[in-house]
Amino acid sequence: MREVAVVSFAQSPTTVEDARSEVEILQPVLHQAVERSGIAREQIGFTVSGSCDYLAGQPFAFVMGLEAVGAWPPIRESHVEMDGAWALYEAWARLQHGDIDAALVYAFGKSSTGDLPKVMTLQLDPYYLAPLWPDAISVAALQARALLDAGAHTERDMAEVAARSRRDAASNPNAQVSGDTSADALLQEPYVSTPLRAHDCPSAGDGSAAVVLAAGALAREVAERPVWIRGIDHRIEPHALGARDLTTSASTRIAAAAAGASSDKIDLAELYAPFSHQELILRDALGLNGQTAINPSGGALTANPMMVAGLIRIGEAASRIARGEADRGLAHATSGPCLQQNLVCVLEGE
Amino acid sequence: MAQRTAVIGVGQTKHDTKRDDVSMAGLVREAALRALEDAGLSFADIDAVVLGKAPDMFEGVMMPELYLADALGANGKPMLRVHTAGSVGGSTAIVAASLVQAGIHERVLTVAFEKQSESDAMWALAPKIPFQMPLVAGAGGYFAPHIREYIRRSGAPDHIGMKVAVKDRLNALRNPFAHLHMPDISLRMVEESLMLWDPIRYLESCPSSDGACALVLASEKAASAAPNPPAWIHATAVRSEPIGMAGRDEVDPQAGRDCAADVYAQAGISDPRAQIDVAEIYVPFSWYEPMWLENLGFADVGSGWKLVDDDSTALDGDIPINASGGVLSSNPIGASGMIRFAEAALQVRGMAGEHQVDGARIALGHAYGGGSQFFAMAIVGRERP
Amino acid sequence: MSEAAAPESVTMMDAPIRLTYSYTPGVAQSEFLRALTERRILGQRCSTCEQVYVPPRGMCARDGIALEGTFELPDTGVVSGFCIVNIPFAGQAVECPYVSASITFDGADIPIFHLVQEIDPAAVHVGMRVQAVWSEEPQPSMQTIRYFRPLEAADA
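Protein chains in written order, with this note's numbering: chain A, 23 to 372; chain B, 129 to 513; chain C, 956 to 1111.
Just so you know, these hints were derived from the structure itself, not from any lab. Don't take every hint at face value.
Said to hold, decoys possible - Rough simulated footprint, nothing fancy, chain B against chain C, three-plus residues with beta-carbon under 8 Å:
(1) 966-973
(2) 1054-1064
(3) 1089-1097
Stated by the list, open to error - Below, in silico cross-link-like pairs of lysine-lysine (DSSO-like), each with a Cα-Cα straight-line distance of 30 Å or less:
(4) B:K256 <-> B:K142
(5) A:K140 <-> B:K146
(6) B:K256 <-> A:K140
Said to hold, decoys possible - Which chain C residues stay away from chain A? Per the calculated CB distances, all over 10 Å, these:
(7) R994
(8) R995
(9) R1017
(10) I1074
(11) P1076
Because the structure is a prediction, the values reported are computed rather than measured. Cβ atoms here follow ideal geometry from the backbone N, Cα and C, with glycine treated the same way.
When you get a sec, could you build the whole thing from the sequences and use the hints?
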């Protein structure tokens, strides 16, 4: 496989944005990512994005995003109706062909336009499940309940995740939610959908992010410390909630092994866990043993722009490695109800 | 370097107005199983699945790869879902091929579909946004002005669009999977059909179809074990341009020209008319055939209509276009681009049945989408590149 | 023993979806929409390629750069493309047949989409000059221009 590195990353602060449109939020982020990469726009051989029509409430939402790219003369461009982490995967694969050396990946989405937990219901089986309108919070709560019943984790464990995330987010200017709090304090709060409390769930926020990937020699030329993608893999599980074990994440384990994450020290892990109990499941699946800093950015519990948060995990991990705060890290992205689909990316600084 | 990749399996559903005999899962499986059978494989042999379709609002299912993972045997495998508007069927095939070309996988299943009967496609294309003008009555309303402009520029006679409409529906009679089978089709019938968006008549427009198409892409090693002849990928390319930019030529888009130039360069084609034996191009409204003939370099600017007029693009002409019946005969929107690539592959494999073009060795598959801004193309060949 | 009738297969089920969305036109388009309430047309020029966008988008799609500043354009322009719509559809505002056109305001480089009325559809042609007909109570919406009517002046 050809060596490919993350050479720049930019994101917008996750907020509820009532003034700017998706593309107005995206444009400066794209501009920053390209500028920071040291690679001229004309040198970028492939551009690919992630976004979702149902989030925007209109079809062909991704077409708007292209207006921010400056796609003239015409460019090689593609789009996945998925989180930008999968767009990054497509770009990484395309760079393996050897004819181009740089790719631009971006993602955007406004979750505040609609009632997000209800919108997410439309991801479910349209004949058997969606017509019952189980919203995303309730569906996640089913998984949390199963996890607690399995015995290895407690509500306090979940509250610890939430408290730690909020404290860490205080040093992240892009986080939507942060605060100095403790598990004790959070456990006093009422349930929103048992056993989930409000802080166990993500807020709905709007955002965008972009990453520039470069291969081999170009990466070394433009980046002070290229962050190499040592392995990247993703897997999906059966859709029906009753058809799989919701308390483990088999696809995360398989993807991690295939990406080569199982061995060697991992300094930090940015895990896309929009619900606190999901971080516990992912840590188990990845065998993270306490030596690894989990979600130093505050994670998706503190900023969850749908379609972007997975790409942000990769960007946050890569940025810390590029700055020399870590050498080897892991970034994870998820899609679908109760961690149905998972992507794992192993990153290592030069 | 990009690894040699081939299409070793092709599958389609019978495309129809309403496939109420299958759910969405059933629809995609019908195509997938046919492609696997053609390739001599089962789901267990597949390394990854790439799904493609147009806007989710056409069915009312958000991110349907999640729901369809089971139906497509994707448990424990990588799965992607591509969405590039109307060109999606083509770009999905290109993404699937890319994974094999990258050396990541040996065998990739790719499926593109649309089950438009489950929702309301016309509504889905134009939701009422409060501050915008609810104007465009369907895709035809968007493209009709460009057709008008082509007619004005080229001086093409009025009957050209109708001739294409008849040709494609006659071709479709030889394609058991095509949606429209109109044995009585004639110029007169087309002319007398309702004018929808002047100058596009009802019978010059594509139908709204439920349907799916599937391909199995394989590495050279996996292709050597395939029971049926492979269609080797000689070239793939995609190009996009912005929709709201001044100076665009929507009659002869630059992105289309650049995309064609890319695939031709990769495949060593300098004279498309002479070197390409058959082409499946995305013609949703009949006049797009002469327009794309020019954009693709089969004819000089202003002369595309002459190839229609002198029957060059007929099944027995020297550059048969849409031997399958094309988008004019079947249009499950998300699948249509992949059907073009699939039909091109069938031609060079010698497996196109009654609509086979004799001796086809090199074929072009073409798809476009959005405001004539997204293009996906591939050249496939009987010989290894 | 009586035989119960075999149940019919279910081939279709109704599963209504109702979702409410708030759409944001964005900063640039909001300025344009507010100007419409004053019967003013705003455009925005790209500092690099000099093309004038109507409505303003806050960026140039060709160059990928952010744009600032708007200026007023006249409410007259030219039909740069059109078709005659003859197909009824749900939520249609106007009776068929009607003319749906791209109209490029004087001084702009990209068109808007709107209606052309007060003329036999068969007489509409590319290059004809038109003027906006405003509604009595202007709203921040493209619909506040009711339609465009032909101008008597010589065609562009």
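**Study point:** Coverage of the stretch 1054-1064 of chain C by chain B, judged on three or more residues with CB within 8 Å
**Key:** The restraint on the stretch 1054-1064 of chain C holds, since 4 of its residues have a Cβ under 8 Å from chain B and three suffice.
Review point. Given the proposed pairing of K140 (chain A) with K146 (chain B), does the C-alpha separation stay at or below 30 Å?
Key: holds (28 Å)
Practice item. Assess, step by step, whether the Cα of K256 (chain B) is no farther than 30 Å from the Cα of K140 (chain A), and give holds or violated. Key: The hint holds at about 20 Å.
Exercise for review: Report holds or violated for chain B covering the stretch 966-973 of chain C, Cβ cut-off 8 Å, minimum 3 residues.
Suggested key: holds (count 4)
Point to revise | Non-interface claim for I1074 (chain C) versus chain A (Cβ beyond 10 Å) | key: holds (32 Å)
Practice item. Would you check chain B against the stretch 1089-1097 of chain C, counting CB to CB pairs closer than 8 Å, and say if three or more residues qualify? Key: Holds: 3 residues of the stretch 1089-1097 of chain C have a Cβ under 8 Å from chain B.
Practice item. Compute the least Cβ-Cβ separation between R1017 (chain C) and chain A, then decide whether it is above 10 Å. Key: violated (4 Å)
Exercise for review: With 10 Å as the threshold, tell me whether P1076 (chain C) passes as away from chain A on beta-carbon distances.
Suggested key: holds (28 Å)
Check your understanding: Does the alpha-carbon distance linking K256 (chain B) and K142 (chain B) stay inside the 30 Å limit?
Key -> Judged against 30 Å, a Cα distance of about 33 Å means the pair is violated.
**Study point:** R995 (chain C) non-interfacial with respect to chain A [C-beta, more than 10 Å]
**Key:** Non-interface label stands for R995 (chain C): nearest chain A Cβ at 21 Å, farther than 10 Å.
Point to revise | Least C-beta distance between R994 (chain C) and chain A, which was stated to exceed 10 Å | key: Non-interface label on R994 (chain C) holds, nearest chain A Cβ at 24 Å vs cutoff 10 Å.
Violated hints for the displayed structure, listed by number in ascending order: 4 and 9.
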